[in-house]
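Visitor: Protein chains in written order, with our numbering: chain Z, 1 to 523; chain V, 1 to 177.
None of these hints come from the bench; they were simulated from the model. It is possible that some hints are incorrect.
Some but not every residue of chain V turned toward chain Z, in silico, with C-beta under 8 Å [to be verified]:
1. Ala13
2. Leu18
3. Met19
4. Phe24
5. Gly27
6. Phe28
7. Pro32
8. Tyr34
9. Val36
10. Phe135
11. Thr166
12. Ser168
Beta carbons are placed, not taken as given, at the ideal position from N, Cα and C, and that holds for glycine.
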Amino acid sequence: MAHASHDDHAHGRPAGIVRWLTTTNHKDIGTMYLVFSLLMFLIGGAFAFVIRSELFQPGLQLVDPAFFNQMTTMHALVMVFGAVMPATVGLANWMIPMQIGAADMALPRMNVFSFWLLAFAFLLLLSTFLMPGGAPASGWTLYPPLVLQSGEAFPLAIFSIHLMGASSIMGAINVIVTIVNMRAPGMTLLKMPLFSWSWLITAYLLIAVMPVFAGAVTMLLTDYFFATSFFNAAGGGDPVLFQHVFWFFGHPEVYIMILPAFGIVSEIIPTFSRKPIFGYEAMVYAIASIAFLSFIVWAHHMFTVGMPLAGQLFFTLSTMLIAVPTGVKIFNWTATMWRGSVSFEPPMLFALAFLFLFTIGGFSGLMLAIVPADFQYHDTYFVVAHFHYVLVPGSVFGLMAAVYYWMPKWTGHMYDMRLAKWHFWLSAIFVNVLFFPQHFLGLAGMPRRIPDYAAQFADWNMVSSVGAFGFGLAQLLFVWLIVKCVRGGERATAGVWDWPHGLEWTVPSPAPYHTFEKAPEVH
Amino acid sequence: MNEPGSLRNRSLAVRLVLMAAGSFAFGFALVPLYDVFCEVTGIGTRAQLSRAGTAEGQSPVADRIVVVEFTASVPSGDWEFEPVAATMEVQPGRLYEAHYRARNLSGRATTGQAVPSISPMRAAQYFVKTECFCFTPQHFARDEEREMAVRFVVDRGLPPGIDRLTLSYAFYNVGRS
């Protein structure tokens, strides 16, 4: 191995904390992103724990309504911008250079800058709990005029969103430049692994919509402090305009969170079916069409604001159209397993749960796309159940599958398979106990974002809360398993799995600090 | 292979930064585009509702009666604000005048701005205001109470099947005068 000569210490790499503060290495930055997102996952999970504890029974037991609203808002902001997105960026940092045969990301200093911006963005956001009036409590959608009633937290929340936005845009630029300019000779675009493909498209989505969100929150800021009237009806503005601009960002944003998971599952299912992915090119085009469609469906989040029939029809039909490329992906994953030699290691278990449960979330999404039905479901727990099905057993399971798939490559150790399977089964069962009853609650009319509810909703809320506690505790196994795997374990081979495919499996485990300094030949 | 930080990487990165800047500008461009789009497609009625129309070329339709309902709301500030008459029966094509009464309860001189809305939405373009207190901010002295007029004509082209319109005003505080 050519890499063996590159001894880690030959570069005089600083040790300890200084290494992590000064590093520009893509693997170190990837690790920092992943650890950061795990931390945020636990913090956001703690907020969810408060929410579900309060909702365990009707009545106000534990927290006052204002704090409850802060919990729902911060849970969403932390999970979306702190847990899911940074985890996908961490995986991109680790895996994209190794998948395309590049030595590092194209712009290492920008890379490290975007990580530290993110860390400070969250320091700022979480510090709002200490402000008079507490953290933002308007919901993560920040609708005016409600959000303009926020207290001292308002400017800090807006600036932290600016920083998060800048960080993700820089991360996206880095991914695009790396993929476009640094692929190994012979690694044509249509030979590129699907995880890298999904990230290339995600990166373009980020560049297209994060600045629009930054613009929208900037307008909120000037409405709040400088008496502009972008969203103020008294001054000739329109609060509905904010909803349009927000969801113009918000809908592509949900694909930003799911497309990398699509890419991950497209890597894992072939490995454990011991067959190449079925319909590789169709998979690429499906991701691209989903990304394109994500720009023309935004108003389905706001059918109830009052929209002409033509608008409702357009947004209903364009939304339903997304089911076509998504269906292509689901069928291709299924066809990949068809007559494959399937085995059920932890990454595959998570990928299969993803396949089933994400599809449930997709179907409830189709229901929500139907305007007359949406009038009934809007702002109820049915919506909460829908987006948690696509985000938790969708994106989050995808990310966990990725960790179980690539962790032996990162640490050089196999993890505890038995513990991983426990983690999987507890998560897969409790996630359904947690979110499935919320469909029933929503259909029965329980509104979202309320700390108290009518007595007829009591039973399913209790079931849902039990599911939440189980799911939350199961994640502690995940943390313990990762700590154990970093510390030691059975040595992992270069290939790790039975049927490894792709460049990342040609380097030893753990991956040396510098890989592919000499570009590999791809045939 | 390309070294990190090479010229090619930089130029692509610069182009992508420009793309992001373009998206940021696009976010702001959505504000005027929103009004233009609404006006061109006739979807939204916000701009057109706050603009004076003309009753020229209209003549009353004798055999058609449309009921206009008046409602009022006060989203901000200390106001008493209500229509003088709750409903009015009108002939399309004829000019009418209706009144709203407002009283300043804030204990100091202040200014209000009325923002109109018409329901059903597709009738909005047929509700023509030739004069309205909503076209300008309304200054009120301390404890002042007065009636304010809106002159309107329901266009003869009002689609058949619509026999009832609601004109609603939200009266906002826009600061001291």
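Visitor: May I ask you to test the interface hint for Phe24 (chain V) with respect to chain Z, counting a Cβ-Cβ separation under 8 Å as satisfied?
Guide: Holds. Min distance 4 Å.
Visitor: Do the numbers back the hint for Phe135 (chain V), that is, is its least Cβ distance to chain Z under 8 Å?
Guide: With a minimum Cβ separation of about 11 Å from chain Z (threshold 8 Å), the hint on Phe135 (chain V) is violated.
Visitor: Return the status of the interface hint for Ser168 (chain V): holds when the least beta-carbon distance to chain Z is below 8 Å, violated otherwise.
Guide: violated (12 Å)
Visitor: Against chain Z, run the beta carbon of Leu18 (chain V) and see if the smallest gap drops under 8 Å.
Guide: violated (10 Å)
Visitor: Double-check Thr166 (chain V) for me: the hint is only fine if its C-beta lies closer than 8 Å to a C-beta in chain Z.
Guide: Hint on Thr166 (chain V): violated, closest Cβ of chain Z at ~13 Å, above 8 Å.
Visitor: Does Pro32 (chain V) pass the interface hint, meaning its C-beta sits closer than 8 Å to a C-beta of chain Z?
Guide: violated (11 Å)
Visitor: Is the shortest C-beta separation between Tyr34 (chain V) and chain Z less than 8 Å?
Guide: Holds, because the Cβ-Cβ distance from Tyr34 (chain V) to chain Z comes to roughly 5 Å (cut-off 8 Å).
Visitor: At a threshold of 8 Å, is the proposed contact between Val36 (chain V) and chain Z supported by beta-carbon distances?
Guide: Val36 (chain V) check fails; min Cβ-Cβ to chain Z is 12 Å, beyond 8 Å.
Visitor: Quick check on Phe28 (chain V) please, does its C-beta sit within 8 Å of some C-beta on chain Z?
Guide: holds (5 Å)
Visitor: Regarding the hint that Ala13 (chain V) lies at the interface with chain Z, is the smallest CB-CB distance below 8 Å?
Guide: holds (5 Å)
Visitor: Given Met19 (chain V) as an interface hint, is its Cβ closer than 8 Å to any Cβ of chain Z?
Guide: Holds. Min distance 5 Å.
Visitor: Please check whether Gly27 (chain V) passes as an interface residue: C-beta within 8 Å of a C-beta belonging to chain Z.
Guide: Since chain Z brings a Cβ to about 3 Å from Gly27 (chain V), closer than 8 Å, the hint holds.
Violation of the numbered hints given earlier is confined to hints 2, 7, 9, 10, 11 and 12; the remaining hints are satisfied by the structure.
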